[in-house]
Amino acid sequence: MTMKLRHHRGVAKDIRSLLLGLLFISPWIFGFFLFLAYPVFSNFHLGMTEYSGFGEPEWIGLKNYQELFHDSLFWTSLCNTFYYVILAVPLGVVVAIVLALAMNQRVREVSTYRALLYIPSIAPTFALSMMLIWILNPRYGLFNYILGFLHIPAINWLGDTRFSKLAIVLVAQFGAGQIALIFLAALRAIPPHLYDAASLDGAGAWRKFWYITLPLLTPTILYDIIIGVGLGLQVFVPAYIMTDGGPLNSTMFTALYIYKNAFEYGRVGFAAAVSGLLFLINATVAVITFWSSRYWVNYNLE
Amino acid sequence: MKSQIKTLFAIGSFLWFTGGAYGQTEIKFWLNSSLAANEKNAYQKAAEEFGQKNPKFKVNVEVVPGSETDVAKLMTAVRSGAGPDVAVVDRFTIAQRAATGLLVDLTPLMKKESKDLSQEYSEGPWREVLYQNKAYALPTNTDARVLFYNKQLLKEAGIDLSEFDPAKGPMDPKRFQEIAFKLNQADSSGAYTRIGFVPWLEQGWGYTWGYAFGGSFFDFANCKLTATDPGVVKGYQFLYDWAKALNPRKARNFVDTYWQWPSVGTLPDAQMPFFTGRVAFVITGNWIFATMKEVAPNLDYGVTYIPAPNGLKSTWSGGWSVAILQGAKNVEAAYEFLRFVAGEEGQTLLVKKAASLPTIKALMQNKDLFAPEYSFFLSLLPVSKSRPPLPVGALYWDKLKEAEEAVITNSEMPEEALKAVVEAVQPQMDRFCK
Numbered sequence: 000m001t002m003k004l005r006h007h008r009g010v011a012k013d014i015r016s017l018l019l020g021l022l023f024i025s026p027w028i029f030g031f032f033l034f035l036a037y038p039v040f041s042n043f044h045l046g047m048t049e050y051s052g053f054g055e056p057e058w059i060g061l062k063n064y065q066e067l068f069h070d071s072l073f074w075t076s077l078c079n080t081f082y083y084v085i086l087a088v089p090l091g092v093v094v095a096i097v098l099a100l101a102m103n104q105r106v107r108e109v110s111t112y113r114a115l116l117y118i119p120s121i122a123p124t125f126a127l128s129m130m131l132i133w134i135l136n137p138r139y140g141l142f143n144y145i146l147g148f149l150h151i152p153a154i155n156w157l158g159d160t161r162f163s164k165l166a167i168v169l170v171a172q173f174g175a176g177q178i179a180l181i182f183l184a185a186l187r188a189i190p191p192h193l194y195d196a197a198s199l200d201g202a203g204a205w206r207k208f209w210y211i212t213l214p215l216l217t218p219t220i221l222y223d224i225i226i227g228v229g230l231g232l233q234v235f236v237p238a239y240i241m242t243d244g245g246p247l248n249s250t251m252f253t254a255l256y257i258y259k260n261a262f263e264y265g266r267v268g269f270a271a272a273v274s275g276l277l278f279l280i281n282a283t284v285a286v287i288t289f290w291s292s293r294y295w296v297n298y299n300l301e
Numbered sequence: 000m001k002s003q004i005k006t007l008f009a010i011g012s013f014l015w016f017t018g019g020a021y022g023q024t025e026i027k028f029w030l031n032s033s034l035a036a037n038e039k040n041a042y043q044k045a046a047e048e049f050g051q052k053n054p055k056f057k058v059n060v061e062v063v064p065g066s067e068t069d070v071a072k073l074m075t076a077v078r079s080g081a082g083p084d085v086a087v088v089d090r091f092t093i094a095q096r097a098a099t100g101l102l103v104d105l106t107p108l109m110k111k112e113s114k115d116l117s118q119e120y121s122e123g124p125w126r127e128v129l130y131q132n133k134a135y136a137l138p139t140n141t142d143a144r145v146l147f148y149n150k151q152l153l154k155e156a157g158i159d160l161s162e163f164d165p166a167k168g169p170m171d172p173k174r175f176q177e178i179a180f181k182l183n184q185a186d187s188s189g190a191y192t193r194i195g196f197v198p199w200l201e202q203g204w205g206y207t208w209g210y211a212f213g214g215s216f217f218d219f220a221n222c223k224l225t226a227t228d229p230g231v232v233k234g235y236q237f238l239y240d241w242a243k244a245l246n247p248r249k250a251r252n253f254v255d256t257y258w259q260w261p262s263v264g265t266l267p268d269a270q271m272p273f274f275t276g277r278v279a280f281v282i283t284g285n286w287i288f289a290t291m292k293e294v295a296p297n298l299d300y301g302v303t304y305i306p307a308p309n310g311l312k313s314t315w316s317g318g319w320s321v322a323i324l325q326g327a328k329n330v331e332a333a334y335e336f337l338r339f340v341a342g343e344e345g346q347t348l349l350v351k352k353a354a355s356l357p358t359i360k361a362l363m364q365n366k367d368l369f370a371p372e373y374s375f376f377l378s379l380l381p382v383s384k385s386r387p388p389l390p391v392g393a394l395y396w397d398k399l400k401e402a403e404e405a406v407i408t409n410s411e412m413p414e415e416a417l418k419a420v421v422e423a424v425q426p427q428m429d430r431f432c433k
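Read top to bottom, the protein sequences are chains A and B.
Just so we're aligned, residue 0 is where the first sequence starts under numbering that gives the first Met the number 0, counting upward by one.
Just so we're aligned, residue 0 is where the second sequence starts under numbering that gives the first Met the number 0, counting upward by one.
Hints in this document: simulated from the structure, not taken from any laboratory.
These figures come from a predicted structure and were not determined experimentally.
Cβ coordinates follow ideal geometry from the N, Cα and C atoms, glycine included.
Hints may contain errors.
To be verified - Residues from chain B that keep clear of chain A, each with C-beta distances beyond 12 Å, as calculated:
#1 25
#2 61
#3 70
#4 78
#5 157
#6 335
#7 343
#8 384
As the list claims (entries may be wrong) - Cross-link-like lysine-lysine pairs, in silico, DSS-like; alpha carbons within 27 Å at most:
#9 243(B) with 173(B)
#10 233(B) with 62(A)
#11 243(B) with 62(A)
#12 351(B) with 52(B)
#13 243(B) with 233(B)
#14 418(B) with 173(B)
#15 39(B) with 243(B)
#16 39(B) with 62(A)
#17 312(B) with 400(B)
Can you make the complete structure from the sequences, with help from the hints?
Set out below in C-alpha cells:
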C-alpha cells in the first residue's frame, strides 16, 4: 500500500516536473511551432495552390510540381545551387580551419590577428557584394590586378559563365571567420598533453595536425558541413546583388528563382512548391551527412 | 518597470490625441529605391506641397527597397497590413499588380468626379494603367528613347555630323554601323577602351530594337505573345550581328568594365559610359537631362532618331504611376493625393526636377514648361509605343532580357531564343486569356 502510494506520488512528481520542464522550454516550443512548423506546413499547402499573394489560394493539387519537373530553368537553378554547395562548403571548411589555426598562434599580437581575420565576417553580405562588384571589375578590379602579378590574364568574373559561380563561391569565403571562431574553440579544447606526447615520440607539425588536430576537429567539421550545406542550398544575396542570376542564368540559384517567382511574377503558389522541394532536398542531404558521420567523425577524446 | 510602461502609455496616448486634435490624416507614401534621385526629390516635393495646400493631410514619404519589377517589400508589407496608402509603381507592371490583387480599383472614385480622367491623360500612358477596363493607377510622367551622340568624339573621328540631323530621319542601321565602328578603340591587349556604339547599353532593350525593326510584341485580338514576330526577330538579329562584329566576349568585358551590368545601380551617374566618352552613341531617354546638368554640364551632344530600316521613326515610352494599395487606411484621402501627384502640380514638378515628360495632354501644350531640348522628345510621343501592359509583364520583360543576353553572347540564334520566350510566358498568359 505504502509502496503503491509512493509510486503514485512518484508519477505525480514526474508529471509535475515534466510540466515544469515544458513550461520552461515553452518559449522555444512556442517559437518552433509558430515560426517553423507552421510555415513549413503552410508552405506545402501553398505549394498545391495557385496563389498570387492576395485573395484566396486556389487548390490545384500537384500541378505546380508537374510544371516544375518540366521547367528547365528550375533544373538549371538546382544544378547551379549544387555546383555552389559542392565547391563552397569544402572550401569553406579549409579556409575556416586555416583561419582558426592562424588565430591560434602563440604570438603576442594574437588578439590583433584574430580581430583582423574576423572583420570581413562582420560585413553584411549585402555590403560585401556591393564592394565585390568593384573588386571583381574585369579591368580595374583589385582581384585581377593581383592575378596580373601571376601573369594570369584578366578575367571577367561576373560576366563570364565559366567564372560567375566561382566568383560567388569566393565571395562566400569572406564569411569564413564566423565558423573559424568555432574551430578556434575546438582547437583550444584539444588537450595539450596529446601534443606533448606526440612531440616526445618525435612527431612534426604536419603529423600532429594530421593525427591529432584534424581527427579531433571532425565533430566541428560535421557541424560546419551541416550548417554550410543548409545555408549553401539557400544561397541568394550575392547573386541577387551582383548578377541577378546572369550571365545566361549561370548564377540563377534556386532561392533566387523562388524569389523571382514569388515577388516579381506574382506566383507565390509555384514558388512555394519550389521551396517545398528545396526543403526536402535540404533535409535529405542533412540526413545523409549525419548518417555518413559515423564513418568519419571522431567523438572519443579519451 | 511598471511606471515606465505607464509613462510610455501616457506619451503614446498624448501623441494619439494631439494627432487627432489637429485632425490630420496621415498618408503613407512609398517610393522605391530604384527611382532616380531627381525623381525621388520631385515626388518628395509634391508630397510637401500637397501637405501645405491641404493642412488636414500629412504625407509621410518613405523610400523602400524595390525596383521596376521587384515589389517584394511592397507585397509583404501590404499583405501584413503594414503597407503604404500610396506607392509609385512602374506603369508597365500595373496590369500585373492589379491582377495580383495588390492595387485598389480607382474607377468608383473617378466616377464621382465631374471630369472624365481618361480624356485628360494621353492615350498610351492611360492604356497602361488599365486592367480589364478598370483604372488602377494614375500616370505621373512619361519619356522617350532616342539616340544620343557625342559631337566632340564624332568630330575628332572626322565624321560628318549633318548625317545625324533629325530632319534626315532615322539612319539606316548598316550605314550607322559603318560610322560607329570607326570610333572603336582598343588597348595593346586587344581589349576595347572605347566602343562607338553598344546597342544593348542603357535603354537598348529588346523592345527598343524590336520596335525599330517594325516588330510587335503582343497580339491583343488573339491574346498571344508575338516575340517571334519577324520584326522582333530582325531586331534581335541586328543585336546578334553587331555583337558578332565586335566579338561578343570582348564586348561583354567592355560593358562589364565600364557599366558593370547588371549591377548598374552601383555605378555613379558621373561614370556612365556616355558621359565619360567610353561610348560615342547611346540609346537613352530625356531623363538624363537632369543628371547631365549635374555631372556632365559641358558635354557637347546631339540627339536623333533610333537607327531603323526604311526610315521608320520608332521609340517607346515608359514611366511611373501612383497607385493606392489594398488595405490603405483612408482611400478617399489617398485618392486626393493621387490626383495631386499625377495632376498638373505634381507633373510640373517632375518635368522641372527630373526632366520628365508629362502625361496630361494640357501640360504638353504648355510651351513655357519645356526647355528647347525637350521639343524633339515631345515630337516623338505621337509615334511612341509602349510595352504591352500584360498581367505577365514582368516575366515577359525578364524573358526578353534573357533572350537578349543569349543573342548578344552569340550563344543562341535570335529565332530560337525568342521562341523560348514565348514557350515560357504564353502558358502563364493563357490563365488570363478569356
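Here's how the hints hold up against the structure:
With a least CB separation of 24 Å from chain A, residue 25(B) remains clear of the 12 Å interface cut-off, as annotated. With a cut of 12 Å on Cβ distances, residue 61(B) stays outside the contact zone with chain A, its closest approach being about 19 Å. At roughly 6 Å from the closest C-beta of chain A, the C-beta of residue 70(B) falls inside 12 Å, breaking its exclusion from the interface. Listed as outside the interface, residue 78(B) is inconsistent with that label: its C-beta sits roughly 6 Å from the nearest C-beta of chain A, within the 12 Å cut-off.
Residue placement check: residue 157(B) keeps its beta carbon more than 12 Å from all beta carbons of chain A (closest about 28 Å). Chain A leaves residue 335(B) outside its interface by the beta-carbon criterion, the shortest separation being 25 Å against a cut-off of 12 Å. Look at residue 343(B): its CB is around 33 Å from the nearest CB on chain A, clear of 12 Å, so calling it non-interface holds up. Taking the minimum C-beta to C-beta distance to chain A, about 23 Å, the non-interface status of residue 384(B) holds against the 12 Å cut.
At roughly 14 Å between alpha-carbon atoms, residue 243(B) and residue 173(B) fall within 27 Å of each other, so this suggested pair holds. With a C-alpha separation of about 37 Å, the suggested pair residue 233(B) and residue 62(A) falls outside the 27 Å cut-off, and the hint is violated. Distance check on the hinted pair: residue 243(B) and residue 62(A) sit about 41 Å apart at the alpha-carbon level, beyond 27 Å; violated. The hinted pair formed by residue 351(B) and residue 52(B) meets the criterion: a straight-line CA distance of about 20 Å does not exceed 27 Å.
Between residue 243(B) and residue 233(B) the alpha-carbon distance is near 15 Å, which keeps this suggested pair within the 27 Å criterion. The straight-line distance between the Cα atoms of residue 418(B) and residue 173(B) is roughly 26 Å, inside the 27 Å bound, and the hint therefore holds. Taking the CA atoms of residue 39(B) and residue 243(B), the gap is about 39 Å. The hint is violated against a cut of 27 Å. Taken as a hint, the residue 39(B) and residue 62(A) pair is broken in the structure, with Cα atoms around 42 Å apart against an allowance of 27 Å.
For the proposed pair residue 312(B) and residue 400(B), the alpha carbon gap of about 23 Å is at most 27 Å, so the pair holds.
In summary, the structure is inconsistent with hints 3, 4, 10, 11, 15, 16 from the numbered list given earlier, while agreeing with the others.
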